[in-house]
Structure formats: C-alpha cells, structure tokens
Amino acid sequence: MAILVDEKTKVLVQGITGNQGAFHTSQMIAYGTRVVAGVSPGKAGQEVHGVPVYETVEEAVHSHGANTSILFVPAPFAKDAAMEAMAAGIRVVVVLTEHIPLHDELELVAYARQRRATMVGPNTFGVISPGKCKAGFMPSVIYKPGPVGIAARSGTLSYEVAATLSAAGLGQSTAVGLGGDRIVGMSFVDALALFAADTHTKAVVLVGEIGGTAEEEAAEFLKTMDKPAVAYLAGKSAPPGKRMGHAGAIIEKGRGTFESKVKAFKAAGCAVAEFPWDVPNLVAEALKDR
Amino acid sequence: MAILVDEKTKVLVQGITGNQGAFHTSQMIAYGTRVVAGVSPGKAGQEVHGVPVYETVEEAVHSHGANTSILFVPAPFAKDAAMEAMAAGIRVVVVLTEHIPLHDELELVAYARQRRATMVGPNTFGVISPGKCKAGFMPSVIYKPGPVGIAARSGTLSYEVAATLSAAGLGQSTAVGLGGDRIVGMSFVDALALFAADTHTKAVVLVGEIGGTAEEEAAEFLKTMDKPAVAYLAGKSAPPGKRMGHAGAIIEKGRGTFESKVKAFKAAGCAVAEFPWDVPNLVAEALKDR
Amino acid sequence: MKLYEYLAKEVMGKHGVPIPRGRVAASPEEAEKIAAELGEVAIKVQVLAGGRGKAGGIAFAATPQEARDHAARLLGIQIRGLQVDRVLVEEKLKIDRELYLGLTVDTSARVPLVMASTEGGVNIEEVPEKYIIKQHLDVHMGLYPFHGRQLARRLGLTGSLARQFADTAVRLYQVFREYDAELVEVNPLVVSGDRLVAADGRLNIDDDALYRHPQVPRTHEGTELELRVKELGLAFVQLDGDIAVMANGAGITMAVLDILASYGGKAANFLDAGGGAAIEPTARAIEVLLATNPRAILVNIFGGITRCDDVARALIQVKNTRGIPVPLVIRLVGTNEEAALSILRESGLTAFRSMRDAAAEVVRISHGPGGEL
Amino acid sequence: MKLYEYLAKEVMGKHGVPIPRGRVAASPEEAEKIAAELGEVAIKVQVLAGGRGKAGGIAFAATPQEARDHAARLLGIQIRGLQVDRVLVEEKLKIDRELYLGLTVDTSARVPLVMASTEGGVNIEEVPEKYIIKQHLDVHMGLYPFHGRQLARRLGLTGSLARQFADTAVRLYQVFREYDAELVEVNPLVVSGDRLVAADGRLNIDDDALYRHPQVPRTHEGTELELRVKELGLAFVQLDGDIAVMANGAGITMAVLDILASYGGKAANFLDAGGGAAIEPTARAIEVLLATNPRAILVNIFGGITRCDDVARALIQVKNTRGIPVPLVIRLVGTNEEAALSILRESGLTAFRSMRDAAAEVVRISHGPGGEL
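Chains as they are written, first to last, in the working numbering: chain A, -5 to 284; chain B, -5 to 284; chain C, 241 to 613; chain D, 241 to 613.
Errors might be hidden in some of the hints.
Unchecked claim - A short, non-exhaustive set of chain A residues, derived as facing chain D with CB atoms under 7 Å:
id : residue
1  : Pro35
2  : Glu49
3  : Thr50
4  : Asp74
5  : Met77
6  : Glu246
As the list claims (entries may be wrong) - Pair by pair, the computed Cβ-Cβ distance ranges are:
id : chain 1 : residue 1 : chain 2 : residue 2 : range
7  : D       : Leu450    : A       : Ser20     : 42 to 52 Å
8  : B       : Pro68     : C       : Thr463    : 54 to 64 Å
9  : A       : Glu214    : B       : His56     : 39 to 49 Å
10 : B       : Met219    : D       : His453    : 13 to 23 Å
11 : D       : Thr590    : B       : His56     : 51 to 61 Å
12 : B       : Gly83     : A       : Lys282    : 29 to 39 Å
13 : C       : Ala531    : A       : Ser20     : 55 to 65 Å
Quick caveat, the hints were computed from the structure, so don't treat them as lab data.
Ideal Cβ placement from N, Cα and C applies to all residues, glycine included.
With the sequences and hints as input, model every part of the structure.
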C-alpha cells in the first residue's frame, strides 16, 4: 500500500536532541508517524517530545523494535551513525545530512549492500507515505493519499510537483527523495522496482535533473515495467561543467546532459513534462490509457 | 565421491615458475591431476612441464576454466595472489604458503566469505583425493582410494596416519590439510560438513593438536553427524605458553589444552587414539559398528 | 577542489608514484636556478585549467638562460582567463609512449573506478571508449597489485613496465583514498625508456571532505562573485543573462532557469538559497544578486522548512537598508504564506502564487525598458 | 614479538591514546631527572613479563631522590628470570577505577575481537567471563566510534568518560591494524578524575609480519639456545628432559614428545626441522641438539618433501666432522628411504622403520648408563 514506510513503521531518530532533530520529531509525530525512540550519544535518559533517548542504536532497536532510522546528524558524524544503524539491523536508513564526504558515501553504500539494508539519501528530504508515515522534513500538507508514486532527486521541486498533483486530485502512495549527492543509496531504478511491486501505486512520477546516468538507467527499467511513468527534468538550460547546487547536478565530460535523459525516457515511452505544472495532466492521461 | 577436488577439478598453479611450483606441478601431473594453467607475473608465455603460464589468473580462468588454485607464492605476495584467485572466480584456493601475516589471513578469510570461496590453508600440505586429484605437496604414494576422510592440522603427522590406514587396507576418500596457522580458511567443522555430505566417505579421521578450539567445535558438530569419527591429537606433553612449531599450536590463557579436546571428543562419542598407530583399529571398529 | 599540478605531483611523489625531478618557480631567476640543476627542462604554467599546451602554456628550454626567458614570458600572462603566477620547471622527459591512468567514482555502480588507456596525452573524454579499460573496485578491499597487473596486461605492458604500472596503480589508489579524491589522474603516464613517469598529474579533492585535509593548500576557482557567495555557504553560479534569480532548492532553481529560458528570458545566475535559510543570509543573498546589475530579480520560494515570512522580512530588510533599484518579482507559497503576503503588502510589495505567472512577468519586465515596481 | 611497555605506550600515544607523562630511564640519574620534571612518579621495570607488581618490579617515589634510589635498586635485578636494564618513570596516577580494553583475533570466528571489562588491573584470564564484554569486528570495516560507544555503554560509562573510551577504542584498533598486532591491550585503562589514561600497555606484533615494521625495535624472548636456533629459521623449544628430538613437521614432533612421555622418557626439546630441509641446515640442527648435552638423540623422519637420503647425509656429516658423543636413534621412512638406509649402513649406523620401536629404544637408552652407538 506504500513503499519503504507505512503505518507499521517504527521510526528511530538519530540526532534527536539537536534543534532540527527535535523540531522534526514533533512534526513527524504530529503527522502520525510512530517515532519509537531517539539516539543521541551523551544524552541518554532524556525525552524529546515524549520519545525516549538512548545512547546507542542497538538499545533503541532492542527496547522498541525500531526498523527505520532517520538521521539528523552533522556530516562529520553521519557515516558512523548510519553504519551504527545498519549494524544494529535497521532495514531502512534515511540520511538527510548534506555534505557527507564522497568516500564516506562509498563506504555507506558498500555496507548497505553487505547488510541488505536500504539507504535513502544522503542529502534527501526523506520519504513520506501520505496519511501513513512521514520520515523526513517535507511540508506534509502538500501530500494527499493516492495512487501516484514520486521519486525525486530534488526536494523543493518535487514539492512543487506533489502540490500540483494533489491540487489535481492525484494523491500519492509514497514520495521518496533520492538525494542530491553524486552517490546515493537508492536510485531511480531501486525506487521503481519498489513501486512496481506495490499494488497501490498505479503510476510513477520521476523528478530528475542533469548529471549522472540515473535517469537513463530508470528509462531502461521502465521498458520492463507495466505501470506508466511521467518524468520532469530540471537543468535544460544549465551550462556544462558547473555544479548546479547539488553535488550530482553537473554535466561532465559530455555525460549527464538533459538531452540524453529526455531521449532515453522518450525511447522508453515515458512522457516528459515541459513544465512542472504539466505533470498532473500527463499522469491523468497515462492513467486513463490503462 | 570425494570432497574439494576430484578427477574433474581443473587446477591452476600460482607461482608455477618457481622451484617448488615447477617441481610439484610435475608431481601433480604425474599423479594424474588436471593442471590446466599456471600464473607467474612477468613470466607469461612460458611453459612449465607443458603447462601454459599466464600473467593473471583471470586469463587462466578465461582460457582454461580453472576452478581450483594452488599457491606456491612467498608470504609477502600470498595475500595478493589468493585475492586475485578469488576475485577471478576460483572456488577452491589452496594456500600452501607458511608465515603469511595474521592480518593478511583475516582479510583473506573475510574475502573468501564474501566471494563464497573455500580457502584451504594457509600453511597446509594441500588436499588429495587418492586416485583422482592431488593439489598439494604430500607424498602421494602413502594414500590409497577408500572410504576414510582425513582432516588434519599438521602435515607429516597426517602422513603417518594415512600410511598406517593404507597399510591396514583402509583407503581414503580425501585427505585435507587445514593448515597450522592460527587463522585458516577451512576448519574441522567445514571439512566435516563436506565429508558428511560425501556419499563415498564412511568415516572420518581428525588429526588435531593443542591450541585454539577447532577440535572442540568439531566435537560439537560430530554430535549431529551420522558418520563415525576417530581423532588423534598431538601435544599432550607440550608445556603451556610455548608455540610448538605451528603458529596455532599453543596453549594460551588456559585455552587449547589437550585435555579439553579429548574431553570434548569423548563427550561426542568420538574415539581418541592414544598413538598414531592405533588409528586404523579404531576406524575399523567404528566402521564395523555401522 | 582542484590542486595545482605541482601540488598534485608532490602528493603523488610522497606516495611513491614516480614523478619527474623538478620544482615550482615564481620568478624567472628561480626557473633559471632549477634549470641549472636539471639540464634540459619543461616549463609549465600552473593554472587550474586543462589544455595548457594548446594555449601556449608549456615551453621547453635547453639552457638555464632559455628557461629564464620562457619563465619571464609565461609568468603574468593569462591562460584560459587565468593569471599565471607560478611555473613548474622539471626535467624534460624522453617520451616513448603516453599512457593514461585515473581513479574516480562510478556514480552509477556507486563504487571506485580505475581507468587506464594506451591513448594518454589527450583529454580522456576525447579517447574512444574502446581504448579505455575500466575496472570497478570494492571500496573496502581497495586496489590490489593484481588489479594493477590485470590493467597492465590489458594495456599490453610486459616485464618491468608492467610491474611499475601495477605498483603505480596501487599507490595512486592510496592517494585517491587518503585524500578523499573525486579524481586522481596521471595523464600522460609516460613510458620513458625502461621507466614509467607521471608527466602530468591531477588531484581533485571532494569539497565536502576538505575539513579532513587542513594541510592541503586551498585553491579557489570561479568568478570573484562566485567566490564571495561561496563564503556565504550558498550554491551560486554566475550566468550571462539579465534576470537575477533566487530560489530555495537546487532542483527548483534549475527549473526556474529553464522556465525563464522557455519564456525567452535569460537568467543572470543560479542561486540556491537553501532550505530553512534565516533572514540574515537571505538578505545577503539578495545583495549578491544586485551585484550582478540585473534588469530584474525573481524570487521563487516554495516554503517547506523555509518560512515564507522570513523570506518576506529579508526582502523588506534589503529594500529598507540599501534599496532594490530594479524590479522585484516575487513568488511565494507554502509555510507561513499568508503572514508573508501581509508583510510584503505593508511595504508595498506584491507576490504571485503561481510560478508560471511570476516567470512570465519577470521575462516581460526584462524585455521592456525596466523601472521600479 | 612483545614490545616493552614503554615502546607500546609510545606507539599508542602517537595514535592518540592517552598515556601518562613519562620516559624510560637506564640509570638512577636519568630516573631522578625525569622525576624532577614530573613530581610524584611510578617506577616500573621494563621486562617482557606480566605480574611485575607482585614480583616487586613497581615502586612509587614522592621525590626525585626517592626515584633515584628505587631506580638504583631495580636496575640490574632480575624479575621473573629477566634482567632489568630499563625502568619507566611516569607520573603517578590517581586511580578511581581500573578498566580493561584489548584487541586480538578470535581464531574460531576468524575475525578481530575487541574485549572490554570493568575489572581491569588483573590478568584478563583471571576475570570471570561474565565481566568481559566481547565484540566481533569486520576486518574490512574496522572499529567505528559507535562500537566504542556500545562498549562504553555496556561498561556503564557515561558522559565525557564514555566519549573518551569510544575514542580510545577507535585509536587502539588503528594501532592493532597498523602494527599487525596479535594483541593490543590497555590494562588497566584507568579512570583518573575526569580522564581516561592507559596506565599499562601491551603490544604484541605478529612475528610473520615483522618484515613490514622495520622501524620497530626488536626484542628477543627465550633461552640463549632458542634464540640461536630461531636464527637458523627452525622451530625450537627447550624442554627439561634428556632425550634430544628432531623430527620433520610440527605435529609429528609433538607426537614424538608425547610418545616418549608415554613410554617414560623425557624430551630435551621440540625441534621441527621442517619439510624439505637441505643437508646443511639439518646438520646445524643436529649440532644444536648436541648443545643441550642429552643422554640420547632421536631423529624421526617421515620423508615427504624431506628426502631421507639428505637427512642421512646430514647425520653422517655431523658424525664425521664434530662427532656425535651420545647414542643416536634414527627412524626413517618415505622418500628415498632405501638410499638413506644404505648411506647409514656404510657409516655403521642403523635405522628403525617404526616410530614405536625407535621411541621405545631411545627411552630404554636414556634410562641406562649411556654410551656410543
């Protein structure tokens, strides 16, 4: 009925005693998320918005059966925290932190594979299954429950898209932020594979951008998927060789161009919206065809 | 009909152009082993006893389908060579080399697990399935085909035992040297699991020694195995705290004593021979009981 | 962050990669002195740009006097828009073959990647794929000598050269890991008689990991304005249009630029004000935009963590303190949107709720004669 | 190879493990000088043995003069049979609690193992298992700060002490890996007010990896004879019996000792002549055996790689050059056995083919009056 997180998900907040951690914990709880525990080294024994704080993830898992973790942990400590979560058996680790060193991300991805854990991010707004569970800092008011899955490399742009979908009466099963970094734990393909298997999701919206080849790989995957997809891509007018905000949003050595991605999606029969506000119509059309 | 190696095994010799490598290649070929290729960096293009020599394992695997490798490679280079073999898809890597650093062995064991490869050794005489395949430097004349599996931590002592078995008409399915180091790729338990599944093996002889807990773990395994086993253990008279030749043969901190191992085997219903020459009778008795 | 060639080579040399003898010089006299020690030399401008050779940034000298003359000529000129204030003076190599060896990250497979080619000496992007050998690596295992031998073998190297190549690959990987590199590259890796030498070297360090490398000298790339904004901690790229843009989020900022372009406008910059920006940094960001002398400014905010009222207050603050001498088009939706609108109204400003309308308006203004809102 | 405490601590200190201030002294004057700098001090003999405290090897001094006196007393004495030629003079610590932290290898799980305990200050072997916390580590991943926090938590540490403990664990693991350690141990890891200090340190380096650590000063453990044989590259252990033993292979040599013991004999040594030994080293090994003045010698060879004729030639060579003044019992089977027997016969020697018979014979001789064969 959703991917990654739902009403049964037991969320652990790492870095819960920080400003951001505490604030978004209250927001997540207000949304109905089951935040079962927090971890902040040196702060064990405290409570944050009624959530008990532990010294280590293993205690939080042991005492509360937490199975998903969300990290509000500064970049220099994020690798350690995410490794701790995976070592303790957490299955989904949502890494919001920006500016994690590239080589740390390589190690995180390698360890996630070894542990068969899913890392969402780094540098993501998180994941939300509207009406069920919010594990992130997205403005939840823009999302409505419904049949459209969203996977996005960028935060605010995907909020725009989600808001236009909701306004058009097209709610979402799950919206997941893949993260703006060069190396992220979950790719479009990984997200599509989950949406493909989710009975509640009827169509998928991909919010991509220039840089890398994640969209091209997604297009390949779409050829074998029997649910329609609509893409919107940012960066059509971006100059090559410049990092456009996201570490991963750069056209380098002729790779990662807007044109390459559009061409790949079109070849896969996936509609590409010219403007963000065109997405709902394209989704509605795609759903009508089925 | 044997474990680890048999008449279908395609052997690659790493370090084939060295004195030991070349000599034992000729011995293995004379025994009937299918030695399909050799590797010696810088010596590609040569032949050793008719065996083609390659620069890399991947070429040898690609050109000849080698699936088992035996290393005659000096200790400082052994980790690299064994890693290369496993990375190239070799399933059984027999590491004869002595004096490989402990931390190298830790890394080798970790990588073997990751690749689901079997490392025999280090510091082993190898493995032989009499009449089928010899991958090692043991004196092959002492072995006869038959129903007894041998797993041993020491070389010469296990030759003694094999010779007495052969003399008593008790041939062997496979004899494998586990290696005398503290960290080895294949333990008694690993060997027992293979012998347990091998229809040709009717009984197993374990040649152990003081140090570590491999025998105690083997005894635990024997409780669940429905084939008889006989053990002979060296080091009854050894003083504690002294390394008796093998890096692994030392009684430390009260662990690894002769008495502990004898007690464990007896508790598992496994006969323990007082002298090496008592082994054949105990095996014959055990087989008669079945 | 890119390192200058001489620093990249210094790091490589420390890790055992064979590099030419030589030193960096900041004056013709220094260059002369180094040449006197080395004999025939190459003199290479030290700028953070490729293609120096074609741009005339490399010279050869047979005598110390010649080295001095070349250095005198090169020091102070501009190469690809960059001022030359140092040259690297090193032994001139006899070049038999030019190979390529590089380490980077495969963002698709999400593992380290080693690349090698027999076609070194040109930009690796210009080398046909079939001449490039690529090998994925396990980050926890690293690059073993055997990986190096495999690469050497595929390059057709034999004997001592194969051994040197394998060894160089292992050492270059150590540099890659120890320096948190995005890219380590030796191009060309020169075959000079019976030895391999790194004739040129690149080492780009991940900006996000720089805090772990305090000993590495900092270099600064970008326009003066870009460097100033970088210090504010904002993502900023200078472009050549006339509509200044601020939005919150990298993706949406790119989308705004795309929409402007579709509507026939030209953006003056990319500026991601980030999520959850406070009043003060937002105000400073607006000031940066004004520094590009745009014909109009477009502020596009989708309030999530970012509170629309904070953005409105920042705008008012800049308007009241330094003034905003060009038309300001605002689009605000999301968190605290109503409060924001009322703050703007008090100061005589209005805001759009639709991105489409805001974009159309600012493009219209940029095409017209301009004027206060 | 064990390092002296002061060297182990020096290594730890370099890697950021907190160690007491102090230095090693080889004379009372040096000890006095160090104490003058540090104030109240502990003076600890530097020998490669545990239990120094109980053996009187640790003293405390309140004044430099006292330090000088203690050093004068300790330098030159023997502790557990080992000559003291250096003492470590370091600040006396206020001890609130004594913890234990160690890294070693779990030979059963075949992974690195970290161990911690609240019951430091005594031999870890004497601490009941329930007070020892053990954690397996992944060799490719290593020990992360979170592992350290988990250990600290289980030890009941909180606040700053927990942070220091986690940090110390990470650094100690770096020592473990970088120094190819069999064992790194801090015992006790002292809680002194608000800080943790490594009051004692052990670092045992894997002999097989010493070649990678040329900078580490070598120490030598064992009897004079053991050290001499070690240089021959043979595995040798001196025992207190009267039958000298040489065999080929560690397992079979142990088995020979066991058999001798069962038959009522007492072995003078363990000597594994190895597989494939050539004539010259074998001859030198026999000479070593004679140095223990045994009542008899037993040579037991199962020829595999080892060729029996080579062993026979080695025996003859020793007999002819220096003489073998005690009875020599030989058992030879395997590769080139017939050639060996005929070589022995020519020199008037015989050999058994059964290990059992040879063992019985040599025990019989060792119990008798002895004499030339």
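Against the structure, the hints:
Restraint check, proline 35/A versus chain D: the minimum CB separation of about 6 Å is within 7 Å; hint holds. Annotation: glutamate 49/A was flagged as interfacial toward chain D, and the flag holds, the nearest CB pair being 5 Å apart, inside 7 Å. For the restraint placing threonine 50/A at the interface with chain D, the shortest Cβ-Cβ distance is roughly 5 Å, inside the 7 Å limit, so the hint holds. With 7 Å as the threshold, the beta carbon of aspartate 74/A comes within range of chain D, its nearest partner Cβ sitting at about 5 Å, so the hint holds.
For the restraint placing methionine 77/A at the interface with chain D, the shortest Cβ-Cβ distance is roughly 5 Å, inside the 7 Å limit, so the hint holds. Look at glutamate 246/A: its Cβ only gets to about 30 Å from chain D, farther than 7 Å, so that hint breaks. For the hinted restraint 42 to 52 Å between leucine 450/D and serine 20/A, the CB-CB distance of approximately 58 Å leaves it violated. In this structure the supplied range 54 to 64 Å holds for proline 68/B paired with threonine 463/C, their Cβ-Cβ distance being about 57 Å.
Between glutamate 214/A and histidine 56/B the CB atoms are about 28 Å apart, so this pair departs from the stated range of 39 to 49 Å. At about 43 Å, the beta-carbon gap between methionine 219/B and histidine 453/D misses the expected band of 13 to 23 Å. Separated by about 56 Å at the C-beta atoms, threonine 590/D and histidine 56/B satisfy the suggested range of 51 to 61 Å. Between glycine 83/B and lysine 282/A the beta carbons are some 50 Å apart, a value that contradicts the proposed interval 29 to 39 Å.
At roughly 39 Å, the beta-carbon separation of alanine 531/C and serine 20/A lies outside the given 55 to 65 Å, and the hint is violated.
Checked against the numbered hints above, the structure breaks hints 6, 7, 9, 10, 12, 13 and satisfies the rest.
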